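Numbering (the numbering used here), first residue to last: 1 to 225.
Think of the hints as simulated: they come from the structure by calculation, not from any bench.
Among the hints, a few may not be true.
Stated by the list, open to error - Under the rule of at most 27 Å between Cα atoms (straight-line distance), these lysine-lysine pairs were calculated in the DSS-like manner: (1) Lys6 <-> Lys80; (2) Lys154 <-> Lys50; (3) Lys80 <-> Lys8; (4) Lys80 <-> Lys2.
Since the structure is predicted, the reported quantities are computational estimates derived from the model, not experimental observations.
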Amino acid sequence: MKMIDKIKDWIRENPHCLALTYGIFYLAGFFALETRKGDFFLIDCPLDDKIPFMEIFVIPYVSWFLLIGVSLVWTMIARKQDFLELCFLMFGGTTFCLAVYWLFPNGLNLRPQTVPDNPFGWLVGFLYSIDTATNVCPSIHVSSSIAVGLIARKFCWFSSRPMVRWLLYIWIILICLSTMMIKQHSIVDVVCGVFLSLALFPVAYLRPGRCRRRGRFQMEKMRET
């Protein structure tokens, strides 16, 4: 009970964390759309045929869940403003995507008939079995990953750690590439996902950006403890 009371007290002191409850509505909306029947507009681009299927890219693809989870928890603890801006970019983009899926049902016909008989191929096959080839444009995987990169660019904790920031950027790039390499998304979905977050970014930063020394101090303090 003491642990539960501590959690309750922390939530009272940090009500901004309740923004994470958006995930409930997102999952409900996403799975509702996944089960919807009817005609879908087929996303097709000649460049997709030139992109090879590489099952090993399933690793960065599934690492997206780690990227999103760590980014949300880290900013939630480190700095309220960064957390809320990340939520705006990420959740605003996701809401826009769900609205597009509802108004403009779309899907793909890019998946291979068979996947390689190896652990990476098995994981791709599992993903195919639980995630339909519909509701793909814009790509939520891409838009939310780009949102993390944009927030990291403004976060002063990275200013003295350029190597860490570039490793994060490489991770995000690999995630975006993976959506095409395992044929979960078309290059059209990826481009739309990138531009979606870029379009929302200025809205999140109506004021001129400033180096957030307070945020950096809080992160340093957290790391020391």
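Verification of the supplied hints:
Simply put, Lys6 and Lys80 have alpha-carbon atoms about 19 Å apart, close enough for the 27 Å limit, and the pair holds. Of the supplied pair hints, the one linking Lys154 and Lys50 is violated, its CA atoms being roughly 35 Å apart against a limit of 27 Å. Taking the CA atoms of Lys80 and Lys8, the gap is near 18 Å; set against the 27 Å cutoff, the hint holds. Restraint check for Lys80 and Lys2: satisfied, since their Cα atoms lie roughly 25 Å apart, inside the 27 Å limit.
In the structure shown, a violation is registered for the earlier hint numbered 2 alone.
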